[in-house]
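Residue numbers (the working numbering), protein chains in the order written: chain A, 688 to 772; chain B, 87 to 325; chain C, 113 to 192; chain D, 3 to 115.
Derived from the structure by calculation, the hints contain no laboratory data.
Each residue gets a CB set at the ideal place from its N, CA and C atoms; glycine is no exception.
Incorrect hints may have been included.
Simulated coverage check for chain C against chain A, where a stretch passes if three residues somewhere in it have a Cβ under 8 Å from a Cβ of chain A [as the list claims (entries may be wrong)]:
#1 113–119
#2 122–132
#3 137–147
#4 158–166
#5 173–186
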Amino acid sequence: MIMGLAIFFTILSIIVSYRVVIGPTITDRLIGADTIGIFMSLVMLMIALEYDLALLVDIVLAYAVLLFIDMLIYAKYFEHGELYK
Amino acid sequence: MNKLMKKIMISVVLTGVAFALYQNFSLMPEYQGLNEGLSNYIIKSGLNDTGSLNLITAVLYDYRAFDSLGESTVIFGAVSGIVLILSRKMLPVSSKGLSFIVKRALGIMTPFIALFGFYVITHGHLTPGGGFQGGVILAAISIIFSIVYGSAFDYRRYSPQTKTLFETGGALTFLGLGLAGILMEGAFLQNLGFLTAETGTLISAGSIPYINIGVGFKVGAGLAIIFYSMIQKTFEEDF
Amino acid sequence: MAVLEIILVIFLVFSALMAVYFDEELISIIFLSIFSLVLTALYLLHKAADVALAEAVIGAGLNTAIFMSAISQIRHGDSD
Amino acid sequence: MTLRLIISYFLMITGSAFAIVTVLGLLRFPDVYTRIHAGAVVLTISAVLVTMGTAIYVWDLFLSAKIVLIGIFFLFSNPMATHAIARASYKRQIALPEEYEIDAYSDYLGRDA
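The shape of chain A in the complex, shown without the other chains (with noise of 0.2 Å):
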C-alpha cells in the first residue's frame, strides 16, 4: 500500500513534467515544478515510513523548507527582475 502510493506519485509527476517541459508561459513550468517538488516530498515520505525509520522524516521537512524558498526566490525575481529590491 504504501510503496503503492509511493509509485503512485512519482508516476504523477513524471506526467506533471509534461506541462514544465511544453508549458507556453514560465508561470505554467513554475506551478508544474512546485507540484512536482510537493509530490516527491510525498513520496520521501512514503519511502521513510515504509523503512520505518522516524529519522528519514527530518530530511521531508528540511526539503518542504527548501522547496518553498525555491519558490519565493523565483517569485522575487519575476515581480521585481531582480533580487535586490
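We have chain A already, so just place chains B, C and D on it with the hints.
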C-alpha cells in the same frame, strides 16, 4: 623592524603547524589494506571511540576533522574572494519586498525555520545532518529576509559586520577546540574525553556537538554573505 | 521497491536531459532543482540519510539561490 | 485491519484522488491562472490529507507530531508560494487579455502602490 616582526610571527605560526602535523603523523596506525581496515573498524568501534550515534558525523568531525577544517577554510576563501570582488560601498538599500500576505505569514514562520536549523545543527551526532546542512538552513533565513522584506531589512537586522563576526567566531571555535585537543588529549582535534556523557543524550560525544555548532555558524554566515554580495545592484556609473 | 527505483532513475535521466535541452537558463534551473529532488528520493531509497539531507539542502536551497542571483546580475537592465 | 488503519487508508486514498484532480487540472485547463488555481487549492488539500493519513498510519507520538508539522507547513507554504507566483505573473502581464470586463486586482494594486 616591521619586516622582522612579520618574519618572526610567520616562523612561529609555521613551527606550530609543524608541531601539530608531527603529532598527527606520529599517531598514524599501520596500513592494513582497504577492505580489512578502515570501514569495518569504523562500523565496529566508531560508537565506542566517539560516542556519536551517527557514524558519518563521527567520521567527519572526529576521525577526519582535519579534512573538515580544510573544507571550511575553502568556504572562507570563497567568501573572501566573492566579497572582495563583488561588494561595493555606499549601497542604495531597498525595502520593497513581496506582498503583504507573504510578509505577515513569514513573520510567523521564520522563527520555526530558525528553530529547525538549530535542531539540525545540535542533533548532528544523533540524527542525520550536522553543521553544514543546518548552516545552510540558517543561511536560508537571511535569504528570506532579503527576498521577502527587501535587502534593507536584512542589512538592518544582520549587517555584514555581524555576519563576519559569526563566521570568524565559528572558525575560531573549531580551531580552539582543536588546540584544546592538543593541550588535553595530545593531538590536534582529538575528541575531548572529559565531555563525554551517556550515549544518545544531547550533550554527549565529546567535542563533536561544539564543533557542529561552530561549523554551523560559519557555514550559515558565510553563505549569507555570499548571497548578500551576489544580489547587489550593479551601478551603471561603475563601468 | 525495484519498480520505484526504475521509475525514479528514468525520471532522473529525463530531467537531466531536459536541463541540457532548453536554451533558456531559467528553465534549466527549474529542471536542475527537479533533478536534485529526484536524486534526494533515490538516496533515501538506498537509506543514505546524511547524503540525502546534504543533497536536498544544497540542490534545492543553495543552487537555486546562487543561480538566480547570478542570473539577476547578468540580466539586470534588459529584463524590463 | 483495525479502525485506525481504515481511517488512515481512507485519508490517503482521498488525498490521492485529489492529486489526480490536480494533475488533470494542470494538464487540461486552458489558461495560466486557472492552472494556478488547480496547483494551489487542490494540491494543498491533497498533500494535507496524505500527511494526515500517514500520521495516523504510524501512530507514534513524536513521529506523528513531526508528520503533522510537515502537513501544517504544506498548508501554509503552498498557497503562499502560488500566491506570490501568481501576483508576479500578473504584474509582469504574462498571458493577460487585452481588455478586461472586471479587474479588481489592478485597483487593489494601485491603492497598494
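| query | For which of the previously enumerated hints does the structure constitute a violation, in increasing order of number? | reply | none
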